[in-house]
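Please arrange chain B on chain A, whose structure you already have, making use of the hints.
Heads up: the sequence lines are chains A and B, in that order. The first sequence begins at -13 in our numbering and counts up by one. The second sequence begins at 35 in our numbering and counts up by one.
Among the clues, some could well be false.
Claimed, not checked - Derived BS3-like pairs (lysine-lysine); straight-line CA-CA distance at most 27 Å: (1) 514/A x 487/A; (2) 410/B x 100/A; (3) 470/A x 90/B; (4) 487/A x 90/B.
If you are wondering where the hints come from, they were derived from the structure by calculation, not from laboratory data. Quantities reported herein were computed from a predicted structural model and do not represent experimental measurements.
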Amino acid sequence: MAAATEVALTESHVGKKKKKNAVKRYWETTEENETEEKNEQNRTQPNKEERKRKTETQGMKGGQKKKKTLKGKKTLSGNSDPFPGPAPIPKENIQKFERGDATKLSSETRGKLKHTLLHSESASDLAKTQAARFDLLLPEDAGFLEADEDEETCTIAQEDIAEAVDITSATKYFNLSLTQFGPYRLDYTRNGRHLLLGGRRGHVSCFDWQSKQLMCEINVMETVNDVRWLHTETMFAVAQKKWLYIYDSSGIELHCIRRFNDVLRMQFLPYHFLLATASSTGFLQYLDVSVGKEVAATCTKAGRLDVMAQNPYNAIIHLGHPTGTVTMWSPNQREPLVKMLCHRGGVRSLAVDKTGTYMVTSGLDRRLKVFDIRAFRPLQSYGLPAGASCLSLSQRGLLSASTGDTVQVYKDVWGTPVKKPYMAHRVHGSVWGVQFCPFEDVLGIGHSEGFTSMIVPGAGEPNFDGLDANPYRTVKQRQEWEVKALLEKIQPELICLEPAKLGEVDRASWEQRHREKVERLGFDPLAKEKFTPRQKKKGRSSTGNIQKRKKQVAHEDQRELMTKTVEERLIKEKEMSQKKKTTQGQGSALDRFNK
Amino acid sequence: MKVKVLCRNPDDYVRETTKDVQRVPRNYDPSLHPFEVPREYTRALNATKLERVFAKPFVASLDGHRDGVNCMAKHPSSLSTLLSGSCDGEVKVWNLPTRKCVRTLQAHEGFVRGMCVRFCGASFFTVGDDRTIKQWKMDTPGYGEEEELLNTILGKTVLTGIDHHQKESLFATCGQQVDIWDEQRSSPIRTFTWGVDSFSCVRFNPVETELLASCASDRSIVLYDMREANPLKKVIMSLRSNTLCWNPMEAYYFTCSNEDYNLYTFDMRRLDTPVTVHKDHVSAVLDLDYSPTGREFVSASFDKTIRIFPKNMGHSREVYHTKRMQHVICVRWSLDSRYIMAGSDEMNIRLWKANASEKLGVLTPREKAAQNYSQKLKSKFQHHPQIRRIAHHRHLPKGVYLQKKELQVMTAARRRKERNVKKHSKPGSIPTVAEKEKNIVAVVK
Chain A
-13 MAAATEVALT
-3 ESHVGKKKKK
7 NAVKRYWETT
17 EENETEEKNE
27 QNRTQPNKEE
37 RKRKTETQGM
47 KGGQKKKKTL
57 KGKKTLSGNS
67 DPFPGPAPIP
77 KENIQKFERG
87 DATKLSSETR
97 GKLKHTLLHS
107 ESASDLAKTQ
117 AARFDLLLPE
127 DAGFLEADED
137 EETCTIAQED
147 IAEAVDITSA
157 TKYFNLSLTQ
167 FGPYRLDYTR
177 NGRHLLLGGR
187 RGHVSCFDWQ
197 SKQLMCEINV
207 METVNDVRWL
217 HTETMFAVAQ
227 KKWLYIYDSS
237 GIELHCIRRF
247 NDVLRMQFLP
257 YHFLLATASS
267 TGFLQYLDVS
277 VGKEVAATCT
287 KAGRLDVMAQ
297 NPYNAIIHLG
307 HPTGTVTMWS
317 PNQREPLVKM
327 LCHRGGVRSL
337 AVDKTGTYMV
347 TSGLDRRLKV
357 FDIRAFRPLQ
367 SYGLPAGASC
377 LSLSQRGLLS
387 ASTGDTVQVY
397 KDVWGTPVKK
407 PYMAHRVHGS
417 VWGVQFCPFE
427 DVLGIGHSEG
437 FTSMIVPGAG
447 EPNFDGLDAN
457 PYRTVKQRQE
467 WEVKALLEKI
477 QPELICLEPA
487 KLGEVDRASW
497 EQRHREKVER
507 LGFDPLAKEK
517 FTPRQKKKGR
527 SSTGNIQKRK
537 KQVAHEDQRE
547 LMTKTVEERL
557 IKEKEMSQKK
567 KTTQGQGSAL
577 DRFNK
Chain B
35 MKVKVLCRNP
45 DDYVRETTKD
55 VQRVPRNYDP
65 SLHPFEVPRE
75 YTRALNATKL
85 ERVFAKPFVA
95 SLDGHRDGVN
105 CMAKHPSSLS
115 TLLSGSCDGE
125 VKVWNLPTRK
135 CVRTLQAHEG
145 FVRGMCVRFC
155 GASFFTVGDD
165 RTIKQWKMDT
175 PGYGEEEELL
185 NTILGKTVLT
195 GIDHHQKESL
205 FATCGQQVDI
215 WDEQRSSPIR
225 TFTWGVDSFS
235 CVRFNPVETE
245 LLASCASDRS
255 IVLYDMREAN
265 PLKKVIMSLR
275 SNTLCWNPME
285 AYYFTCSNED
295 YNLYTFDMRR
305 LDTPVTVHKD
315 HVSAVLDLDY
325 SPTGREFVSA
335 SFDKTIRIFP
345 KNMGHSREVY
355 HTKRMQHVIC
365 VRWSLDSRYI
375 MAGSDEMNIR
385 LWKANASEKL
395 GVLTPREKAA
405 QNYSQKLKSK
415 FQHHPQIRRI
425 AHHRHLPKGV
435 YLQKKELQVM
445 TAARRRKERN
455 VKKHSKPGSI
465 PTVAEKEKNI
475 VAVVK
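Just chain A, with the same shape it has in the complex (with noise of 0.2 Å):
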């Protein structure tokens, strides 16, 4: 950006100079020409365009003021705009509202189409660049944390951070010792203003942990496997030792859902309103929040399902099984769409990036694996001395991975490998769940001994998008984007695991899309009718007559058949003896050891 403002002032800058050596008085015109015709002789070959800036500006001398106040190029005060023109904007900007390539027009288009796809292609162009200088104006950048040269970053601890930061930041370090019902799995909303923590033995408790203001506490007197938000802060499903439950914010059962039973995670699918549900009986289930109906039950037959979780690009479901193999699913097939072998042991945990193009697993083999799953590639394996428990990303691609006790957060795990953590934390307890709060510098922890809020600079995405999702939004505003969304929700069918496929031309061949009626209607419409004679009165369908016309049929059949193959021989032919001919002139001796 420096560079562009740089060569724009010095642009300007020649243009002043060239205007005033144009206005010359008649005393300086002739040395100045004097001057210029000396320099003409030195040089070889003047640069043409000199040559035609010098006759303009000559041929202008009267004219000039006038052109100056037309252009405009002054201001009121006569100085010239040192910055003209709209502001730069970094080709990196750009290229992040890039959308797939752009269409490339074949010399054959023509007519309608080529403009229809010209004018199309510089609408895309404006946005982007719209978009892009939007960018410039967004209020707020993201943290930071930096480590003193004789330091590093992971030493640092939290109480140092809440001491360097300003007040309301420090108040994001938070300890919450709730001792008798642990450990704690945890949940933050969308816009990352609410908390929802459900401790093992039952207490379920969901409050803004901002203002630390408690919206309803109460003990559901069952085990609790897993809690997780709705698409908004008044409603939570909870996952208890026989059913699953959903409770609104002040704690009322609203429902039980008795058709999912034994549920260990949960996932909530926010612009498809579905909530993923795994069993221990080794089932997935889809359930539509929206209608209350069960979108799709698949049974995985891969026993227990206890790591979970979900693609927030493509809605995709991953399952990590104890066999080492991450799964995924969508609701609508019975198949996983892919299964990767990630691990020797058994798969412990389970995140994937904002993006949907890195996954990061960690499994009893003490090791943590970065992969591409676009390409489905490893990138990066470290090994853990213990191995992690609970995996999660920020929005700005940190990894938080707890072993045991003590939580750590790495930075940049897909690029460069990562020798040391960016930070690390411990706790009182064994971790049990692990978030980082969207739109917040903060990490959520939930362990054996209560929750802890931990301060982690640079985790969270530092400028909202007030229509998706507004953590300073109203009741009204609330409800009026409930609405919004439940309108476009996304069927469940739309799930794939390229959502941009569906707008783009399905380039499918006939007889590929032939082929695939064929198989949904089960025959082939296209396919020729068998021959049936038709009935004929008075004595002439006897059963002589009609096998006669059958025969008659298929004969024909056979003959075209066999003029068909003749013709095919015979062009065969033609051609084989022309490239004869062509050799027999141009053969070598040699050419008789061919065989």
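Just chain B now, kept in the frame of chain A:
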């Protein structure tokens, strides 16, 4: 140690007073907005469904005529005025916003065959079965005053149609021949004939104002130039054309409504092949009119429906019908391009919206923006099968539906036969004729 933690000041994100508008900070980063395409698709699907939900095209019915409505004319400058002539010789002037008849004249004995308004809008002409051309004042006579005729011309033969020149005080009538009249004279200044026949419709070209076209009952369409003594050329089709209409934006193009259930758009420079054949009606097409934008036209048919065709599409985008609407004889597209007027056999004039789901009245800027957005979405996803199915579905009266099915069977049979004849005859002996050209018999110059 240098540290910065995200810390937002709520004052930047929350409105100051309750009188303010809520603040909505935006971030257009695509990674914050996943499922772009599926969400847009869902929106497009909803928009398409809503369009069908709100498709209530019928606006009003104007009743008052005591016989079938035979012809209509638009006022060139007043959107609220419509003129109609009926089969009992009565002419009515309507005020469309109030949906009331403001004036009734007994113009002719027998049918009012044609009418047109002078380009200035001050007077209008009617022709009737009583062989007269009458010029009337557009203004209503004052209280107690009598209806006054500006001019009456007695023609020699029956007159069936009339159209006025766009700029000059000339008009054309058709009957047994096409006559050009000066408003000041009582005899035609020019007469065109080409063979013995009768004409059903004559129309001036609105752009190239010296050009005329007429439909003759010998199945031909004849083109004239007023500056020449003889007609320019004619195209003979397999069945008779009832009316024609010039495209008001593209001077070369005109469309004719034919007895063979189709409409044909011609380029007047190349009459041997129609540019487009518009098929969908299941009975003779009686009248058509272009929208002032020149992009669409509306056609009225004997099958009791009116259809709207895009000018370059073979099939209609819209069909309007009601249980009570009988054979539609005349149809006009209003000059603000938002309404369609259809006069039918059962003495009523019906007012329809040209865009069935359009919201009438003033739109707020936000409504307009939402409408534009959904329009764009609909066009973006229009080829997706589910959206296409919803957008294209139209309910048809049972008779029309069955007739359509029957026509499909008939055309398929015809095509099959053609194919078989070709298959069993000497190769090359039966030429291939394009579907477009099948109904063109000859072009004569």
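Given pair status - residue 90/B, residue 487/A, alpha carbons within 27 Å
Between residue 487/A and residue 90/B the Cα gap is close to 35 Å, so the pair fails against 27 Å, i.e. violated.
Holds or violated: are the alpha carbons of residue 514/A and residue 487/A at most 27 Å from each other?
Distance of about 35 Å is beyond 27 Å: violated.
Does the structure keep residue 470/A and residue 90/B at a Cα separation of 27 Å or less?
It holds: about 25 Å lies between the C-alpha atoms, which stays within 27 Å.
Agreement of residue 410/B and residue 100/A with the hint, judged by alpha carbon distance not exceeding 27 Å:
holds (19 Å)
When each numbered hint is compared with the structure, violations occur for hints 1, 4.
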